[in-house]
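Colleague: Join these two chains into a complex; the hints should help.
In case you want the letters, here they are:
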Amino acid sequence: MANPFSIARSSEGGLTVLALEGFLDAHTAPEFEKAIQSEIDGGHLQLIVDCSKLTYISSAGLGVFMGFIEELRERGGDIKICGLSPKVEQVFEILGFHALYDIVGDVPAAVQRFAESPVKQV
Amino acid sequence: MAAIENTFTLDVPSTTQNLALIREFVSRVAEQAGLNETEVGELELAVDEACANVIEHAYGDDKTKQVMVRAIFDEDTLRIHVIDTGKGFDPTQVQEQELKDLIARRKTGGLGMRLIKTLMDEVHYDIEPGKRNELRMVKKLRK
Chain A
19 MANPFSIARS SEGGLTVLAL EGFLDAHTAP EFEKAIQSEI DGGHLQLIVD CSKLTYISSA
79 GLGVFMGFIE ELRERGGDIK ICGLSPKVEQ VFEILGFHAL YDIVGDVPAA VQRFAESPVK
139 QV
Chain B
-6 MAAIENTFTL DVPSTTQNLA LIREFVSRVA EQAGLNETEV GELELAVDEA CANVIEHAYG
54 DDKTKQVMVR AIFDEDTLRI HVIDTGKGFD PTQVQEQELK DLIARRKTGG LGMRLIKTLM
114 DEVHYDIEPG KRNELRMVKK LRK
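As given, the protein sequences belong to chains A and B, one line each in that order. So the first sequence is numbered by the working numbering: it starts at 19 and just counts up by one. So the second sequence is numbered by the working numbering: it starts at -6 and just counts up by one.
No wet-lab data here; the hints were simulated from the structure. Nothing here was measured: the structure is a model prediction, and the numbers come from that model. C-beta: ideal position from N, C-alpha, C; glycine also. Check each hint, because a few of them may be wrong.
Listed below are the simulated DSS-like cross-link pairs for lysine-lysine, each with C-alpha atoms no more than 27 angstroms apart in a straight line [as the list claims (entries may be wrong)]:
{"hint": "1", "chain 1": "A", "residue 1": "K52", "chain 2": "B", "residue 2": "K133"}
{"hint": "2", "chain 1": "A", "residue 1": "K105", "chain 2": "A", "residue 2": "K138"}
{"hint": "3", "chain 1": "B", "residue 1": "K133", "chain 2": "A", "residue 2": "K105"}
{"hint": "4", "chain 1": "B", "residue 1": "K56", "chain 2": "A", "residue 2": "K52"}
Derived DEER-like restraints, expressed as beta-carbon distance ranges [what the hints assert, rightly or not]:
{"hint": "5", "chain 1": "B", "residue 1": "R135", "chain 2": "A", "residue 2": "R27", "range": "39 to 47 angstroms"}
{"hint": "6", "chain 1": "A", "residue 1": "S56", "chain 2": "B", "residue 2": "E89", "range": "27 to 35 angstroms"}
{"hint": "7", "chain 1": "B", "residue 1": "D67", "chain 2": "A", "residue 2": "V137", "range": "48 to 56 angstroms"}
{"hint": "8", "chain 1": "A", "residue 1": "T73", "chain 2": "B", "residue 2": "K80", "range": "43 to 51 angstroms"}
{"hint": "9", "chain 1": "B", "residue 1": "E17", "chain 2": "A", "residue 2": "S103", "range": "30 to 38 angstroms"}
{"hint": "10", "chain 1": "A", "residue 1": "A117", "chain 2": "B", "residue 2": "D114", "range": "25 to 33 angstroms"}
{"hint": "11", "chain 1": "B", "residue 1": "T111", "chain 2": "A", "residue 2": "S56", "range": "32 to 40 angstroms"}
{"hint": "12", "chain 1": "B", "residue 1": "D69", "chain 2": "A", "residue 2": "P126", "range": "43 to 51 angstroms"}
{"hint": "13", "chain 1": "B", "residue 1": "G53", "chain 2": "A", "residue 2": "P126", "range": "39 to 47 angstroms"}
{"hint": "14", "chain 1": "A", "residue 1": "G123", "chain 2": "B", "residue 2": "D4", "range": "38 to 46 angstroms"}
{"hint": "15", "chain 1": "B", "residue 1": "E127", "chain 2": "A", "residue 2": "T73", "range": "25 to 33 angstroms"}
{"hint": "16", "chain 1": "A", "residue 1": "E88", "chain 2": "B", "residue 2": "T111", "range": "42 to 50 angstroms"}
{"hint": "17", "chain 1": "A", "residue 1": "E88", "chain 2": "B", "residue 2": "D4", "range": "35 to 43 angstroms"}
{"hint": "18", "chain 1": "B", "residue 1": "G53", "chain 2": "A", "residue 2": "P136", "range": "47 to 55 angstroms"}
Extracted from the complex, chain B is given alone in its bound form (with noise of 0.2 angstroms):
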C-alpha cells in the first residue's frame, strides 16, 4: 500500500506580519506530524526564515505578492516548500560568512540560510525568476 500524504497549504500577502501566522501553520502541521516540542520550534523557525526572505529579498516587501506555504508529510518526513514568483533571490547562493565579519561590515547577510541549513535535513532551491522560486525543506521523522 502506498504511503499515505497529508498535504497543508498557506498562502498569504507577502508582508512580516504574516511571519507569525506562518509559523503557527507549520507548528500545528508539525505537531500533527508527530515532531517534538524541539523539533517543532526548529520547523517553526527554518521556514520563518525562508519566508522573511522571499517577503524582504525576493518580492522587495512587495504586499500585494502571496507567499505560498506547503506542508507535506508522510510516515518518513515532512517537508516543507515555500513559493513565489519573485525575483528569484538564490538564499543557497549567499556566501557564509564569519559573524566577527558580518558585525564588521555591519552586515547581516546569511544568517537566515545559515539556520536553515543546519535545522533542516535537506535543502533544495528551484528558481525561475518572476514565475515561481521554490524552496524545499526536509525534515525527517524519527521513528
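The following block holds chain A by itself, in its conformation from the complex (with noise of 0.2 angstroms):
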C-alpha cells in the first residue's frame, strides 16, 4: 500500500483544516498526531478535522482527538469534527465521542460552530 495515510492542511476563514485521508490506525496515528501538535505549536488552536475521506479508524486513532482536546480547550480552542461515513461514525458512536466533541456534517458546518461555540461545553 503506496500511501495508507496522508493529511492535506489548509486554512478556511482563519480556521485551520485538516483533511485526513486513508486509514488511521495504530501505524499512522503518529503522522496525525504530530499535525495536531505542529498546529498547537504554531499557535493554531482552532481545528476541523475534515474525515470525509477517511476510510478506517481505530481507538488509535481516536486517541489523537483525545490526547490534545483538553489542552486545546483550555487555551480557548477545539476541534470540531466533520464528514465521517457511516462505517467510521460507528466507532465514534461506541466509545460516546458525540457527547464530549463536536462532530458536524462538513466543513462549512465546522466553521459554523467555531462561530456560535469556539469551545465545546462538557
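Modeller: Here it is, written out as C-alpha cells:
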C-alpha cells in the first residue's frame, strides 16, 4: 500500500482544516498526532478535522483526538470533527464521542459551529 | 455429517505496519464466511484492536516477535484467535473508564477492548505469559 494515510492542510476563515485520507490506525496515528502538535505549536488552536476521505479508524486514531482536546480547550481552542462516513461514525458512537466532541456534517458546518460555540462545553 | 470447518492462518512480524495486512486477511475470510459489509467492518476493527494490543503491550513493539491470527468458520460461527508469546498482557482485565475521565487523565487505555467486546459476540482469553497467549473472539453467523 503506497499511501495508506495522508493529511491535507488548508485554512478556512482563519481556522485550520486538516483533511484526513485513508486509514487511521496504530501505525498511522503518530503522523496525525504530529500534525496536531505542529498546529498547537504554531498557535493554531481552532482545528477542523475533515474525515470525508477517511476510510477507517481504530481506537489509536481516536486516542489522538483525546490526547489534545483538554489542552486546546483550556487555551480557548477546540477540534470540530466533520464528514464522518457511517463506518467511521459507528466507532465514534460506540465510544461515546458525540457527548464530548462537536461532530458535524461538513467543513462549512464546522466553521459555523466555531462561530456559534468556539469551545464545546462538556 | 460433521460441520465442515474452514481454517486460515496468518503469521506476521509484530509491527503496526502489518495491521493493514491483518485487516485485509480478516476481511477476505469474513466475506467468504458470508458476513455483510457492516459485519466485515466490525470484525476488521475488533481484530485490529486485538493485534495492536499484542504488538504494543504484549510484545512492547519488538519487531522480532510474531503475531498469529487464525480464522475458523463453519455454518454457525466465525472464530478469530489472536496468538502471541509475549508477556501476557490481559486486555480483559483493563478496567473500563468513562471517556471523560480518560481524557482528563490524558489516557486512552481500554478503548480497544471496549470496542472488541461491543463488536464481537464472545471474547475469551487464555494466558500463559511468555509461552502462549490466545485471545479468542466469536462472531455468530446469521442464517
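Colleague: Next step is simple, just say for each hint if it's right about the structure.
Modeller: Evaluation of the provided hints:
1. K52/A to K133/B: violated (39 angstroms)
2. K105/A to K138/A: holds (24 angstroms)
3. K133/B to K105/A: holds (20 angstroms)
4. K56/B to K52/A: With Cα atoms ~23 angstroms apart, K56/B and K52/A stay inside 27 angstroms; holds.
5. R135/B to R27/A: 39 to 47 angstroms: holds (43 angstroms)
6. S56/A to E89/B: 27 to 35 angstroms: Roughly 33 angstroms apart at Cβ, these two residues keep to the hinted range, so it holds.
7. D67/B to V137/A: 48 to 56 angstroms: Since D67/B and V137/A have Cβ atoms about 52 angstroms apart, the given range 48 to 56 angstroms holds.
8. T73/A to K80/B: 43 to 51 angstroms: violated (33 angstroms)
9. E17/B to S103/A: 30 to 38 angstroms: Violated: the Cβ-Cβ distance is about 19 angstroms, outside 30 to 38 angstroms.
10. A117/A to D114/B: 25 to 33 angstroms: Check passed, 26 angstroms falls within 25 to 33 angstroms.
11. T111/B to S56/A: 32 to 40 angstroms: For T111/B and S56/A the Cβ distance comes to about 33 angstroms; the hint holds.
12. D69/B to P126/A: 43 to 51 angstroms: holds (48 angstroms)
13. G53/B to P126/A: 39 to 47 angstroms: This hint holds: roughly 44 angstroms between Cβ atoms.
14. G123/A to D4/B: 38 to 46 angstroms: The hinted range 38 to 46 angstroms holds for G123/A and D4/B, with Cβ atoms some 43 angstroms apart.
15. E127/B to T73/A: 25 to 33 angstroms: holds (30 angstroms)
16. E88/A to T111/B: 42 to 50 angstroms: violated (25 angstroms)
17. E88/A to D4/B: 35 to 43 angstroms: Hint holds: Cβ distance 40 angstroms, inside 35 to 43 angstroms.
18. G53/B to P136/A: 47 to 55 angstroms: violated (41 angstroms)
Going down the numbered hints, you'll see the structure goes against 1, 8, 9, 16 and 18, while the others check out.
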